[in-house]
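Student: Sequence:
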Amino acid sequence: MTARNCRGHWISIALLVAAVLGMGAVALTQAKGFGLLDSLSWGAATFSGSFFINLAVVDRLGLIDRNAD
Numbered sequence: 001m002t003a004r005n006c007r008g009h010w011i012s013i014a015l016l017v018a019a020v021l022g023m024g025a026v027a028l029t030q031a032k033g034f035g036l037l038d039s040l041s042w043g044a045a046t047f048s049g050s051f052f053i054n055l056a057v058v059d060r061l062g063l064i065d066r067n068a069d
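Start counting the sequence shown at 1; every next residue gets the next number (full-length UniProt numbering).
It is worth saying that the hints were derived from the structure and are not from the lab.
Check the hints yourself; a few may be wrong.
[Claimed, not checked] Here are the simulated distance ranges between beta carbons: (1) 62 - 16: 15 to 23 Å; (2) 33 - 13: 27 to 35 Å; (3) 33 - 63: 37 to 45 Å.
Where a beta carbon is used, it is the ideal one built from N, C-alpha and C, also for glycine.
Using the sequences provided together with the hints, build the complete structure.
Tutor: If you want it as structure tokens, here you go:
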């Protein structure tokens, strides 16, 4: 299996980057004095947005082979 066919590998990297950005958004909003629900909503929005952006970038670079098993 080459790196191009390893779809799970690239999806896990996209998830990891999104999780780090989401946790950073929660920490930043908590440090600024926002409430817990506000912080969690910012974290969730950052996580979901960055995950799909990461997947789009990886797909655009051609690193995910759509025909792989």
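Student: Tell me, in ascending order, the numbers of any earlier hints that this structure violates.
Tutor: none
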